[in-house]
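J.: Read left to right, the sequence shown gives residues 1 to 398 (the numbering used here).
Please note: incorrect hints may appear among the correct ones.
Unchecked claim - For lysine-lysine, the following DSSO-like pairs were computed, each having C-alpha atoms within a straight-line distance of at most 27 angstroms: (1) LYS263 / LYS217; (2) LYS140 / LYS182; (3) LYS80 / LYS111; (4) LYS140 / LYS263; (5) LYS111 / LYS342; (6) LYS158 / LYS182; (7) LYS77 / LYS50; (8) LYS140 / LYS366; (9) LYS273 / LYS234; (10) LYS234 / LYS217; (11) LYS155 / LYS182; (12) LYS111 / LYS148; (13) LYS148 / LYS158; (14) LYS342 / LYS366; (15) LYS158 / LYS77; (16) LYS77 / LYS111; (17) LYS342 / LYS368; (18) LYS155 / LYS140; (19) LYS234 / LYS263; (20) LYS77 / LYS342; (21) LYS111 / LYS155; (22) LYS263 / LYS273; (23) LYS217 / LYS182; (24) LYS140 / LYS156.
Honestly, the hints are just simulated from the structure, not real lab data.
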Amino acid sequence: YYLFQNDMGRAVRLGEMWKKLYPQNEEPYRILGLIYQITGQIDNLETNWKEGYDAGHKGGFLLNLGNIYSEQGEFDKALKYFEEFQQLYPDKAGEIRQLGTLYMNQGDFDKAIEYFDNQLLVDDNNVQNHLDISTAYLKKGDFSNAEKSIDNALKKSKSAQDSVTAMTYLTNYYYNRGMADKYLETDQERIAVFSTVAPPVMIDAQYYNYNSIKRYKDCGALELIQQKHGEIVKNIDMGNINFACIIQVNVGIATQDGELMTKSMEECSDDLKVGGTATQMIMIEGFRDLYSGNYESALQNMQLFSDTTGLPRHALATVMAEIYNSLEDYDESIDILNEAYKLDSSNPEIQVLFAKAYLGKGNKSKAKESLDRAFNIWSDADSDFVPLIEAQQLLQEI
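Put together the whole structure using the sequences plus the hints.
T.: Structure follows, in structure tokens:
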């Protein structure tokens, strides 16, 4: 009653009393869990599920605890509860896809592959099962099996959305390997299929986010995507919002052009605040400061962004390492890159940043080792792939 009346205080007090009187009943724990989740009381939410678990309730309580600890980055605790659920309910193992992801987050790619392989034995027609194992293979650096698994996912696709999802994984694979022509071709195919199930506004968004712009730029197709920007601005009705200017901010991030970012942000600062959150603005300001040479300010903004969003350090490893390298804090750069490398050995950008840090420390041998790992990932890259060219130029300094 109190819950439906939005009287959360009384609902909590009644729920806690009910829980103490009848700990064998799951219902008060579930109701309190809902309240604490709605109100964002994460500490109380964790305590509630833990008390329910200690009272003998398993099942969903194990999954709830695993999810909480996973979101907090406490992977060992999360694994404990997910693995217990798997042991108690082997027929419901498919409900804990996060378990394989957790193994990857700990850098245990072989265990992740084994887990996802077992998922395939249960359901070989599930597209996501093939994509999950492809991710584990890719992070391990087993490119052949990664591509093969994505191909299996495409063959198993039964809907346009399945195909779009599988092609998204394939574009990520091609970009990581520096296969520019295949990336561009597959991305255009992906967007064409996506356009059959998504509204035009979502199709347009495929072209103006800064990650897409960066990838097209790296693949030598910056002019192509900027032509798309012109078409989008011409066809979209954003009222009084200067959407062309907002897109230019993203172009500035993708091309590392601090001057363009500063100019655009001054021109459409109010529009940016309408279109984004305060947290997003912190990130944008961090990129602007980095590419304008204000490295201390960039570090402060990116650390604030990480703290505000709760993102773990390794999630921002490449941009943070770039800042630390610019500040000549090479040890800190290497430290955060090591965290990221443990979780993904297939990202060549990490290796190039390693090389810059080691070169800054005067360790040319380590710098060359890092570049060699990047070149190994790019073994089938197109010769005009921009990051490859930049890495080859860096090698000349060694």
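J.: Looking at the structure, which of the earlier hints fail to hold?
T.: 4, 15
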